[in-house]
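Based on the hints, put chain G in the right spot on chain Y.
Number of protein chains: 2
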Amino acid sequence: MKNKAITSRDDDFAKWYTDVVKAAKLATYSNVKGCIVFEPNGYAIWEKMQSILDQKFKETGHQNVYMPLLIPENLMKKEGELIDGFAPEVAWVTIGGQKKLEEKMCIRPTSETLFSDYYSSVVKSYRDLPLKYNQWCNVLRWEKETRPFLRSREFLWQEGHTVHETREEAEQETKMMLEIYRDFYENYLAIPVITGKKTEKEKFAGAEYTLTVEALMYNGISLQSATSHYFGQKFSKAYDITFLNRHNEQEYAYQTSWGTTTRMIGALIMVHSDDKGLVLPPKIAPRQVAIVPIGNDAEVLTKTNEVYDKLKTEGISCFVMDDDKSPGFKFAEAEVNGIPIRIEIGKRDLADDKITFVRRDTGEKMIEKANIDITTYITKLLDDIQNNLFYRAYERMQSLTYECHDLKEIEDIMANRPGFVKAMWCGNDKCEMKLKEINGTKARCILENDKMIDDKCVVCGKKAKHLVVWGIQY
Amino acid sequence: MKNKAITSRDDDFAKWYTDVVKAAKLATYSNVKGCIVFEPNGYAIWEKMQSILDQKFKETGHQNVYMPLLIPENLMKKEGELIDGFAPEVAWVTIGGQKKLEEKMCIRPTSETLFSDYYSSVVKSYRDLPLKYNQWCNVLRWEKETRPFLRSREFLWQEGHTVHETREEAEQETKMMLEIYRDFYENYLAIPVITGKKTEKEKFAGAEYTLTVEALMYNGISLQSATSHYFGQKFSKAYDITFLNRHNEQEYAYQTSWGTTTRMIGALIMVHSDDKGLVLPPKIAPRQVAIVPIGNDAEVLTKTNEVYDKLKTEGISCFVMDDDKSPGFKFAEAEVNGIPIRIEIGKRDLADDKITFVRRDTGEKMIEKANIDITTYITKLLDDIQNNLFYRAYERMQSLTYECHDLKEIEDIMANRPGFVKAMWCGNDKCEMKLKEINGTKARCILENDKMIDDKCVVCGKKAKHLVVWGIQY
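Quick mapping for you: the protein sequence lines, in order, are chains Y and G.
Here the numbering used here is used: the first residue of the first sequence is 1, the next is one more, and so on.
Here the numbering used here is used: the first residue of the second sequence is 1, the next is one more, and so on.
Same shape as in the complex, but just chain Y:
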């Protein structure tokens, strides 16, 4: 059933996206320009993401901390590349307690500065290392064009910041966190991704290099989905983080940072959802099963309670839609909100010893015996839905991934049916800029262990150095 409040995604993808955000009550625009209100349905998805990632961070030896929101200008400016990168998009506090401040302070766009300043005061010896801290917080970047979840002035995220004794250990951490993100995207969000290294132009301001997780949306546009940065000693030199090493010498520490944001909610929408509204993978859905009793008959309510109790006991997140709205209204509501499974329990069905199950991902309706082993059935169905969503997205990504050998080919693809374009690159900035002229095509990442598909740069024809995935980005 088409939802009338939702534009078709094939007609107008951007309008479809905001319609889904609104219809599923994930967020609304606020009267604060460029900022959204996270409504309960949207925030619950973020809470679920947090709980899973937070556990993975803790299992790998990280601890949570909390750094201040405000960064004094001088502290912010200590690392030159970072301030150059963020200066255009920070907000400055200039008045506090009715007085003009002697030194203005910016609202954190990211917290390398504060973590580094803290680390410089607590790290003394190799015995203090590693320190592997993370924080969940809000950050602010003064974006001009905004879109709910994908790009807004304020967003929520986590930022991990670690300090290590050796380059090897820090690089290991950078890789490990990338892998945690990849696993989270593929095995929880059911979103297939590619991973690799950013080019110099696209890396994080202040990093030695940036590893990235990149996903492809339904419309073929790329989304930078999570990043993990290796800093080497850049920040430790700027903020004077030294330690006495095992050879009794003072050495600058090695650092990393890594983060992902509420943008992941946008990715869920743009990869899985459809014209009926939100579609959520079971592992990330705050509510996995909607039970709809049809009518008020005693046997219907008894069965409803029985099903609810059994699922609840098994740790399956379910709820009963028992208000006075019509069954049709409830079906549509469960659908638009992306509840993975709907169970319909009606008097006539029960008389025939039947109950009905509906999958949100395919819309398929299954009629089963009323006394079916419900927890086994639902557990398996949730698994099937999770897997189906992943493979559907994986096949789409495959069908939108191209190998190109000349510019004309890339132009055609990006104009008609964009996606991930694999093409060789010489490593020169100018060639990278040339590709940007094609609808803003940018390097998503350098694939490091793939076979080279050609020996010439797709732009200049000179000797190629890297196999790069290119795409148009959000």
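Misleading hints may appear alongside valid ones.
Just so you know, same-sequence chains aren't split out, so a pair can sit in one copy or run between any two.
[To be verified] Derived SDA-like pairs: lysine to any residue, alpha-carbon spacing no greater than 25 angstroms straight-line: (1) K48 / Y474; (2) K132 / E333; (3) K132 / R287; (4) K144 / E73; (5) K124 / D322; (6) K56 / D309; (7) K312 / Q55; (8) K442 / T401; (9) K203 / Q98; (10) K325 / E169; (11) K58 / C318; (12) K48 / R287; (13) K237 / A415; (14) K25 / Q55; (15) K58 / K310; (16) K144 / T94; (17) K144 / Q224; (18) K33 / N138; (19) K58 / D309; (20) K422 / N219; (21) K77 / R287; (22) K124 / M321; (23) K25 / L75.
Read the hints as simulated data drawn from the structure, not as lab findings.
Quick caveat: nothing in here was measured; it's all calculated off a predicted structure.
Chain G alone, transformed into the frame defined by chain Y:
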């Protein structure tokens, strides 16, 4: 064993407090004036508080949302009392994206304005009500004098904001949330409290009335610990939150708000902790049991693992102190960090079929059979510690609670051994101000169902209206 890094709390309470914060690695001052860094040990306590309260909020029908950090000046000014109350202590953003803003924006000191603005756009009918939302976030108030956890420019908190169809329902919510806070303080933090209504002078700016939870610290100083406000229609009139009621008429909605903050960590320190460092009630301790193997002998390590596995399986939060530091160092570390129980496992003890348990609250050492039913024993001991901490604090509060009938009495008490002073009040501002001259004594709350202890105001001698608890506050 006295901790050398910690001043005695009877010698210099303020210094003792900051020494404990530092020695237990809860927080450090940052280079951002008036703001602290929450270190892992401090933040873990906050996470534990969040997880318990959040569940209680959800069980009582609340949902989490997230509102913007920034509030445009005009939106902030719509409710007159609120802006008058907060104007002296807000921070203003005047520059964003390298441009002077047309309208300055303040960093939220509290979010009534944003919630009300949101509610005005989504509430249409009584069918939409109640809306019971909460958010966990950071807020900023430009305090002049700061102290870790108790008062800092930025702090973390939760703020619940609800909208109701009737006065009765909103007042019921106000009371229910006060009761949730009271229960949390007494049954989780092990801190006895008094509750009641704030005077007009002390209530929240913009509230019809404020209910409060007040606790007494070790040194007899009072701490406002959580508040629950009934707004009536004040904000709904200022922000135009109207709904079609059951009689088909437009009506202004009834609102509440309620909150508590990271200040609770300060309360834990000032109520329970001692000269050896932090003391935590087991229900709020992120780590409940420290297991210290003494030496590396096989039987010691086997027993250590056995104890650890058994406790872990039972859901008791325990950890093994197995680095290469000396046992004495580890004992001191477990002590300063407030781990409720320490288990010592040594070769000689095991040869005698014994293991040793040490309670952090009393320092008592208990030697038990090595094959004791460890989970039952520890579970009971954690309960005992939880109860003992509550009763110790309760007895102290009782011993520092006074009934006074004249001003001289109050002066003596507040100068020598301050605490909660019960005294009658006529309801006049001037008498309230007169008491403030006594070391800043303020009304903590009006006790509503208590017996009147006198018929005259303790200040002016005129007819008394209220029994009030007075105290010197943090």
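Could you tell me which of the hints above the structure violates, numbers in ascending order?
13 and 21
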